[in-house]
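Here the protein sequences come in this chain order: A and B.
Each residue of the first sequence is one higher than the last, beginning at 1 in this note's numbering.
Each residue of the second sequence is one higher than the last, beginning at 1 in this note's numbering.
None of these hints come from the bench; they were simulated from the model.
It cannot be assumed that every hint is accurate.
Chain B side only, calculated, beta carbon under 7 Å to chain A, not exhaustive [as the list claims (entries may be wrong)]:
(1) Asn204
(2) Ser223
(3) Asn224
(4) Lys227
(5) Gln231
(6) Asn236
(7) Gly238
(8) Ala241
(9) Ala249
(10) Pro360
As a list, the in silico EDC-like pairs of lysine to aspartate or glutamate whose alpha-carbon atoms are at most 16 Å apart [as the list claims (entries may be wrong)]:
(11) Lys213(B) <-> Glu785(A)
(12) Lys227(B) <-> Asp766(A)
(13) Lys232(B) <-> Glu611(A)
This structure is a prediction, so every number in the text was calculated from the model and none was measured.
By construction, the Cβ of each residue, glycine as well, lies at the ideal position given by its N, Cα and C atoms.
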Amino acid sequence: MKYISLITAMLISSPLLRANEGIVFFEKKIRPALEKYCYRCHSDKENKVKGGLVLDSKHGLLVGGDSGPAIVPGKLDDSELWLAITYEVSEMPPKEPMPDSVIADFKKWILMGAPDPREQEKIVVKSTVTRNDIREGREFWSMQKPKYSPSPSNNNSQWNQLEIDRYVYFHLQENNLQITPEASSQTLVRRLYFDLIGLPPSPGEINKFNTNYEKNAESTIYNTVDELLKSPHFGEKWGRHWLDIARYAESTGQGRNMTYPHAWRYRDYVIESFNQDKPYDQFIREQIAGDLIKTTSDQKWAENLIATSFLAMGSKALPEDDQRKFNAEMVDEQIDLVTRGIMGISVACARCHDHKFDAIPQSDYYALAGIFQSTKTFYGTTPNAQNKHPSTHIKLPVYMERNITAPMSPSDISQIKEQLTKAQEDMQVARMARRNSRNMQNVDNNQIQRDIARSQNQYFAIQEKINSVDSNGRPIAYCMGTQPGELQNAKILERGEVHRPGQEVARGFIKLVAPYDMTINQSSNGRLELAQWITSKDNPLTARVMVNRIWMKLMGQAIVRSTDNFGLTGTAPTNQELLDFLALKFMTNNWSLKGIIKNIVLSRAYRSSSEYNANNFKIDPDNEQFWRIDKRRIEAESIRDAILQISGEIIISQPIGSQVAEKGQTTIGRAGQLTIDISAPYRSIYLPVVRDFLPDFLKTFDFPESMTTASKREINNNAAQALYMLNNDFVITSSELTAQRLIKHNSDLDKQIQTAFIICLARQADSGELIGARQLYQNFYQSSEMRQKTTNERKAKSLAAVVQALFASSEFRYLN
Amino acid sequence: MNFNRRQFINLGSTAALTGLNLNIFANGQSSQKPHFNARAKRIIVINMGGATSHVDTFDYKVNLIKKAGERGKYGRKLMPPIKEFKRFGKSGLPISTLFPELGKHADELCLLHGHSTDQPNHPQAQTKIHTGNVQFARPSLGAWVMYGLGSENKSIPGFISLNPGAGDGAHFSSAFLPSKYQGTAVGSPIRGNRASGDPSSFPNIKNESFSTKLQSKQLNFISNLNKKKLQKDRYNPGVSAIQDSYEMAFRMQSSMPAILDISKESKKMLSLYGIDNENSSKVGRQCLLARRFAEAGARYIELGHGGWDHHSNLKNDLTARCSEIDKPIAGLLTDLKQRGLLKDTLIVWCTEFGRTPESPNMDGRDHNPKGFTTWMAGGGVKGGFRYGATDEFGYEAVSGRLSIHDWHATILHLMGLNHEKLTYKYAGRDFRPTDVYGDVATDILM
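Next comes chain A alone, as it looks inside the complex:
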């Protein structure tokens, strides 16, 4: 204290002189010490900001890092830097302390008031986007509300019944495109089953459909559609489309790849929402702000909390040293998800500069960023040396029927608590060993680190077990998700660099997009308002973007081809009247997804054949006007599911949890320590989605990487897939199991072959194909390598060769 009063006295007597002296002292003693001992790990210039701390600017020193301000001028005990260099709380520099004389300099300097000449310029980020630009931007077609245009009637009885068809027909006529005939009933039944539930129709279902169709086509389609929309498998097919958009995955990816063992609850929530036909606006609101929506029951509250996993399951770089960078990345990922993923506009590029094409100033991005900065995101992952950003989960308020944890007896609980105590001791011993090793020589530091890591992992694993039940041993369920955080506005970052913060921006929305008059009450974090703004009927994008994607899934091509980009650089709709009609219909029908899907599949346009028409192809090769239905490659999941169903191996019920859930919180090692078992014959949507270690079947057939939101999948037909179909054990085994089923069912070879064609392709073999199949069968049956086998084995393997060929055929993989 004496020190301080002395300095104060000096300050009063000669402030200018004192300030100068302070600066001289800083330049002479402190700056060289910072450079020598600290900058290597804590410098913006070196791009090393361990613990989020930068010491190469005055601002950095005062703001400090994750554990608080590095320097509080005049106060030693509040200055983290002081506590670190004196080895009080943490130990910096880590290898050995600074010399005592340098420590004394720091003491003197902090008590002097930490004079620091390294003033930072005040950053003000200017925008080039004017109000006028925004006003003009709002004139763009996609920023205008969908408008109803009466559908022009026509004199073709087939195309005049439904409005969808009238819009399509009008464009066909305008473009001199001929009408394509209807697809055959056997094509239609396969199309409907794969499109609505993602599984092939069984021979019985094919037969029933074909027979009824001959009698009354309309009612047969209508009834089949109704039935399929009610099937629990509908949600498994359509929920998966949403999981692509939600970039659903069960691990963080990126460097330290750690599991999300509770992600599956969100997967099931999505499936269930589609099956219930939850209104899409509500579905969106729950996912963005489920934790903020008032509910009347705990059950519903739990559902809403699970919904917010949507925001939490992005890929994360856990080893990132800088907390601010990590947070900025997470927020960026969340912004991209809700803007591009739901509204089809990319706002994320406004992180670093004004949007180059659409009138989105950088400040709009940070208006959204403030909303997510005022949100806490829970995603689990236990702490370890490479996980700099461990998090926890949200405890669900009710007991969940579906649970992967078994209840525990009181003795189980006391036993496991003992284990925890033991593990804690082990951990302390390991940490003590590190402390003791500091002054010793010939120490195996790697071994010490490994011991610490092992004991730590062990401790967290046991703790997770204890946390999985309540004091009575009843399972407790958790989810990922969001909770309101401390309210804050974001600062615009110059060029998006976290260490270049400029002025603050109030939380708000994208000014380009309606509704324009909605604002955020600055006493709330704004996430609920964001959800309401996105799902407002005045928002010109949300409904359009979703119906466009549904149309693409069913017709093979979208009306706006750039399904994630409705902005200036996207493509224009090829039939805007149709798009707007669908969007309006969707909203007036209480945002019913099943409703809009039903509207489309009952249309004449959906029933069109996929066949080639030379005249039409010349005019419209890309099928922009939907003169036919595009031939569509079946998605990876459906190819696998179909093979499993045909072989009889499929377990059609929904499993509880996932393989990742069973492993709990852990790290997926470089070699994929978590082995993924794709032989578990559940539907593919239930396979574990571990980033960087996707199930090989799905990956080979173009499953998305799950790194960012994506509504459209790439479609490749390549040699890797061909080799999979020819040589992979899963395909070969499934073919043999199918053959055994066929043989059991019927002893006649021709009938076996015919049934194989029906179950695989929903049609009979023609005479040429039958002859070819018989020949292949004989080739195998007569071959020398089959001779040692029993007759039954020979028969099964020979028939299996035919079945495998059907699995491998292009017809199996494509919808006509």
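Chain B: place on chain A using the hints.
Same frame as chain A, but now just chain B:
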């Protein structure tokens, strides 16, 4: 022709092993005559994803050093190259000392300084350098080359893309060209970094259940099913791609394992490519495989490395990236030369755009589509040669300007293909790789 013997052996062994009637695959790739005689018979493209800074590597700007720290034309400080340049070889080409090994091949290199592109963002700019068109799905340059020249060895894919990124399908797609011209991906990247995946094995390459002889019968049947479907479908690239994919898959079963197995390469050879050093082993492996594919008769091979997007931390990261590619690429040039292959193999080193001479933070550079550098070597281009230039700082191409279409036209010309005559009729219109553009940079031809 260096490959006749090897080609014969490959085909012979395939046929002998399988007893396969090769007629069922009669529509596979085969070699065609070029439009005119050219030196380059094949091409290896080395693609740097993320946009390599030209002013720090191959485009020497003395004024950037003299005026370092002054304000540049976009208002930020000019940043000098991160490392000094040196004149290499007899030709004295100025190249950054970031490339001590590659510099030794200066007399083989033809630096193209006059590049520009109209795409300022990475994914679009990458699509642009591969297909020439960002708006529509168009065939990649490799597919056009395959369409023009066919393949020299029917039992391997003629167009190989080593470790392409996820979602980069357009980079080796055939779009509306017949699907047999599409590239085959070998190896996949890990976490988006192209050179990170190990391409040395190909999954499901062997059938463990029955012999190749029986499999060929099965393939016959699959082929008949597919062809029948194709007859009904007429124009359908997806379905015909599946058919082609089986033909290729079948042949790859016998050819690929041998090419991908580098265990018999000598220590000296591995060291030449930098495979003995962890830092350079990934790109080294790709370069070695590229040579092996080239030798086996592949026509178009692309490999690459990502992580060049250095808005900040340029000094550290660019130095690291350069050290990862320097030895491997130099090794490839040395090896091709000693095997007599460099004269008819065109090496193209490229990136999607350049970086700004000025810096936001004096340790990083932003995107610069208006001027950047690529280079070529071997295959009939002038060595030790600089073509085109950017302005005194490297902002914009000012002479010897090359648009992406010009560059494509030039590459095709070097392969003996006239880009204006290389047309394909699709939907009633003749399409060509360069749309209605493209001038060949004749000055660089040997």
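Status of each hint after checking the structure:
1. Taking 7 Å as the C-beta cut-off, the interface hint given for Asn204(B) holds, the closest approach to chain A being about 4 Å.
2. Restraint check, Ser223(B) versus chain A: the minimum CB separation of about 9 Å is more than 7 Å; hint violated.
3. Hint status for Asn224(B): holds, given a least beta-carbon distance of 5 Å to chain A, under 7 Å.
4. About 10 Å separates the beta-carbon of Lys227(B) from the nearest beta-carbon of chain A, more than 7 Å, and the hint is not met.
5. With 7 Å as the threshold, the beta carbon of Gln231(B) stays out of range of chain A, its nearest partner Cβ sitting at about 10 Å, so the hint is violated.
6. The interface hint given for Asn236(B) holds, since its Cβ lies 6 Å from the closest Cβ of chain A, which is under the 7 Å cut-off.
7. Annotation: Gly238(B) was flagged as interfacial toward chain A, and the flag holds, the nearest CB pair being 6 Å apart, inside 7 Å.
8. Because the beta carbon of Ala241(B) sits about 4 Å from the nearest beta carbon in chain A, less than 7 Å, this interface hint is met.
9. Taking 7 Å as the C-beta cut-off, the interface hint given for Ala249(B) holds, the closest approach to chain A being about 4 Å.
10. Annotation: Pro360(B) was flagged as interfacial toward chain A, and the flag holds, the nearest CB pair being 6 Å apart, inside 7 Å.
11. Proximity of Lys213(B) to Glu785(A) is assessed by CA-CA distance (about 10 Å); at most 16 Å being required, the pair is judged to hold.
12. Proximity of Lys227(B) to Asp766(A) is assessed by CA-CA distance (about 14 Å); at most 16 Å being required, the pair is judged to hold.
13. For the proposed pair Lys232(B) and Glu611(A), the alpha carbon gap of about 8 Å is at most 16 Å, so the pair holds.
Checked against the numbered hints given earlier, this structure breaks hints 2, 4 and 5; the rest are met.
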